[in-house]
Amino acid sequence: MTAAAPVPASEPSRSRTSVPAPAPVLTLDSVSKSFGPVDVLKDITVHVRPGRVQVLLGENGAGKSTLIKMMSGIYQPDGGRVVVDGKAVHLGSVRDAERLGIATIHQELNLVPSMTVAENVLMGRLPSRGGFVSRRTTRRLAREALDRVRLDVDLDTPVGQLGIARQQLVEIAKALSLNARVLILDEPTAALTGSETEVLFGVVEELRRDDVAMVFISHHLEEIAAIGDEVSVLRDGALVAEVPASTPEDELVRLMVGRGITEQYPRRTHTPGDEVLLDVRGLTRTGVLHGIDVQVRAGEVVGVAGLVGAGRTELLRAIAGADPYDSGTVHVDGQRLAPRSVGSAVAAGIGHVPEDRKGQGLVLDASVAENLGYATLAATSRAGFADRSGQRSRAQEVATRLRIRMRDVDQAARDLSGGNQQKIVFGRWVLAGSRVLLLDEPTRGVDVGARVEIYELINAVAAAGGAVLLVSSDLPEVLGVSDRVLVMSGGRLTGELPASTATQDQVMALAVKHADDDDHVAPSNGPEGSPS
Amino acid sequence: MSGSSTIAPTKPSTQERRLRLPGLSGQLATTLLPFIGLLVLCLVLFILTPNFLTYGNLLNVGVQASTIAVMAFGMTFVIVAGGIDLSVGSVAALSGMLSAWMFATADLPGWLALVGGLLTGLVAGAVSGFAVAYGRLPAFIATLAMLSVARGLTLVISDGRPIRTSPAVSWLGSDVLGVPVPIIVLALAGIVTAVILNRTVIGRSMYAVGGNEEAARLSGIPVKRVLVTVFALSGLFAALAGMLIAGRLDSAQPQAASGYELDAIAAVVIGGASLSGGVGRASGTLVGALILAVIRNGLNVLGVSSFWQQVVIGLVIALAVFVDVLRRRGTRT
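Each protein sequence line maps, in turn, to chains A and B. The first sequence begins at 1 in the working numbering and counts up by one. The second sequence begins at 533 in the working numbering and counts up by one.
By construction, these hints were calculated from the structure, which means they are not laboratory data. Just so you know, nobody snuck in bad clues.
DEER-style ranges, computed between Cβ atoms:
hint: 1; chain 1: B; residue 1: THR581; chain 2: A; residue 2: VAL94; range: 48 to 56 Å
hint: 2; chain 1: B; residue 1: VAL844; chain 2: A; residue 2: VAL452; range: 58 to 66 Å
hint: 3; chain 1: B; residue 1: LEU564; chain 2: A; residue 2: VAL94; range: 34 to 42 Å
hint: 4; chain 1: B; residue 1: GLU746; chain 2: A; residue 2: ALA226; range: 35 to 43 Å
hint: 5; chain 1: B; residue 1: ASN832; chain 2: A; residue 2: VAL94; range: 46 to 54 Å
hint: 6; chain 1: B; residue 1: ARG668; chain 2: A; residue 2: GLU496; range: 37 to 45 Å
hint: 7; chain 1: A; residue 1: THR137; chain 2: B; residue 2: VAL857; range: 37 to 45 Å
hint: 8; chain 1: A; residue 1: GLU144; chain 2: B; residue 2: VAL857; range: 38 to 46 Å
hint: 9; chain 1: B; residue 1: ALA719; chain 2: A; residue 2: ARG382; range: 24 to 32 Å
hint: 10; chain 1: A; residue 1: ARG125; chain 2: B; residue 2: LEU564; range: 49 to 57 Å
hint: 11; chain 1: A; residue 1: SER93; chain 2: B; residue 2: ILE723; range: 47 to 55 Å
hint: 12; chain 1: B; residue 1: ARG757; chain 2: A; residue 2: GLU249; range: 45 to 53 Å
Keeping only pairs whose Cα atoms sit at most 25 Å apart, straight-line, the calculated SDA-like set for lysine to any residue is:
hint: 13; chain 1: A; residue 1: LYS358; chain 2: B; residue 2: GLU746
hint: 14; chain 1: B; residue 1: LYS756; chain 2: A; residue 2: GLY343
hint: 15; chain 1: B; residue 1: LYS756; chain 2: A; residue 2: ALA379
hint: 16; chain 1: A; residue 1: LYS358; chain 2: B; residue 2: LEU807
hint: 17; chain 1: A; residue 1: LYS358; chain 2: B; residue 2: SER808
hint: 18; chain 1: B; residue 1: LYS756; chain 2: A; residue 2: PRO339
hint: 19; chain 1: B; residue 1: LYS756; chain 2: A; residue 2: ASP387
hint: 20; chain 1: B; residue 1: LYS756; chain 2: A; residue 2: LEU337
hint: 21; chain 1: B; residue 1: LYS756; chain 2: A; residue 2: SER344
hint: 22; chain 1: B; residue 1: LYS756; chain 2: A; residue 2: PHE385
hint: 23; chain 1: B; residue 1: LYS756; chain 2: A; residue 2: ALA338
hint: 24; chain 1: A; residue 1: LYS358; chain 2: B; residue 2: ARG668
hint: 25; chain 1: B; residue 1: LYS756; chain 2: A; residue 2: SER367
hint: 26; chain 1: B; residue 1: LYS756; chain 2: A; residue 2: GLU314
hint: 27; chain 1: B; residue 1: LYS756; chain 2: A; residue 2: THR313
hint: 28; chain 1: B; residue 1: LYS756; chain 2: A; residue 2: GLU355
hint: 29; chain 1: A; residue 1: LYS358; chain 2: B; residue 2: ASN730
hint: 30; chain 1: A; residue 1: LYS358; chain 2: B; residue 2: VAL857
hint: 31; chain 1: B; residue 1: LYS756; chain 2: A; residue 2: SER341
hint: 32; chain 1: B; residue 1: LYS756; chain 2: A; residue 2: ALA347
hint: 33; chain 1: B; residue 1: LYS756; chain 2: A; residue 2: GLY384
hint: 34; chain 1: B; residue 1: LYS756; chain 2: A; residue 2: ARG340
hint: 35; chain 1: B; residue 1: LYS756; chain 2: A; residue 2: ASP326
hint: 36; chain 1: A; residue 1: LYS358; chain 2: B; residue 2: ARG757
hint: 37; chain 1: B; residue 1: LYS756; chain 2: A; residue 2: ASP323
Using N, Cα and C, we set each Cβ at its ideal position, and we do this for glycine too.
So that you can see chain A by itself, here it is in the shape it has in the complex:
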């Protein structure tokens, strides 16, 4: 066994006993990976042991997902080995990994919504006789698999009719029925309510007893102590520590971030003015947003926290004109915006940085200059002709100011790193002179260095009298960057906290408030209930 691992799991929690660690079933041995010029993983060793839950912890962009993709055969390491049962193996594809008993439960579930629970569990290997599906065997095998995750549903229900939590259990049952010995759970709790998470953890405990090895990723630190055994902490693609899951949260954060949180967020020196720049009143979209009121003053940064699915992204998109809303108003600087018109929002000075940089923010094949100029293409034109040289030199200016690292502004956006790509989307609105910025996860997948630069940009916008509404799943970020924090849950605002004194616990308490009576969870859905 290699370096690291300074502390063995000293304090077993609950039923876990301090027997010596069983031999790992899966080991990533000094693996590294780079994409083009970017080193994503550097010399990382992780052991996954039967009956244990190995937690991967790190900020967005630390390399967790790359590591998981290596375990599940999607990526192959550039250096180092993948070892299964003590033998070095080549995982050339997801199939290779599955054959060795390694299954991954991704955030986006891999189910066919229109097919039944039984068919999904046995997808691709329905028992048949003479070419005809054997219904009785199908039902028996599916039932056995579902029993292992204690899921009591009608086998003939189309999977699409189940809630997300139960779909996840179907997916786990499917993996187990494929004899999975290693189960990789990629942020399984992100979309779950509190009680659904408890059900999932119950299943994890059961699988632990069955000696299934598990890898667990979560951004909820409190879940680590509840469910994990050992924690591998990643930062900027390197393994910085291996600690027991009982390690205090503060310590975990320190390891993850690498420095005190206070230094990570450059403080602003000015105070917000009185003038309300963005005024949102009673914004409602049936089933998604319920009577949201938000006021952001000139020079103010307002954070929006909440769990995935709380309606934060939907709120920003509605304000930006990207999505429709049923009632309510949006005013910018006293001027009312037309609903569902990005053009009118842009003209009024709104700049929207969407959450999915590549999917929604950039035209990857187009140049940096083109991407920076899209919002101002029409406004700077004359008689229908684009001002290409003017746009190019303005783009050059913004790129220099934002320190976008590139060969020149004619380079394709595709070739830049995540942080620099994010600066392009940001820069588009700097170029447009937008006074109201709606930022959706602006630092997701951005390395720490570029992240601080983005924070400085946010501060600069606020200092120049702009208003910023910031959505982030990164709690320390929301608290570190904002003046006040709004918390959403189930499409409603559940509270407001001053960022300077708020704690992560206070935010989390508000974020899960009412989450259980969320519209999409039907009352009879509790898997822990009723025997049949």
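Since chain A is already given, all that's left is putting chain B on it; use the hints.
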């Protein structure tokens, strides 16, 4: 690669990859490669048969290329914006036929019949565009429907018989100062296409919409308006091609331009455009159309049967797209 030294082997290889990467090589592949292909093709044909490189034959190639090229220029807008237009052949026939009908039956002046024909294409294209942008039909389906509707209307109007064209349309089949008018039209259409794509707001917006529709929309680009425009332009250019065909024959034929949509798409793709949108140039499309015309002409001059010509053209299309796939794979790793 062994796990012994992870730093040493990765560093140089990334360095190397960075140098070879995009920009130049991408530009090279999209514009220069098809052009080189065209030159090589001409050279081979010249060696095989000196008759190829005569002034008369080259004009011939130009005239043969003009119809497909004009259609393909229109198609370039659509493909750059991420769509496809299967209706251009039928729309060309309908425009030619309606123009002839306006002159022969409705007794409109010749020039008005010409303008009326062009408007026909513009409207047909705009209808497809509305179906795509506002009706949310896939472009493939919307234009497949238009293909059928336009061909049907052509047959209804003509009752299945050719109609004599107006003098204004017939003039398109003549020569000016020794240069065939179709070649002049081809040149003008190419210049207009290049200017629209490169210089205008709507043109640059087409690249944004084709490259990433959602990003374009969230940047405030009027995506629906762009989509209607590209299909309307495609219809207009198809109508112009229809006039060229009718002009050459002095009559509008009900079965004119059948299957031309596939040649037009092929020309655009051979010219380096991507069917997934966001990439494509007028110059590339011109070269693509010329390659198709040169192959047809060359094989004719060599006496190869038209059946085999189909086979060769199919292979050329596959080859062109394969080169594009290779290039993209190289850029993305």
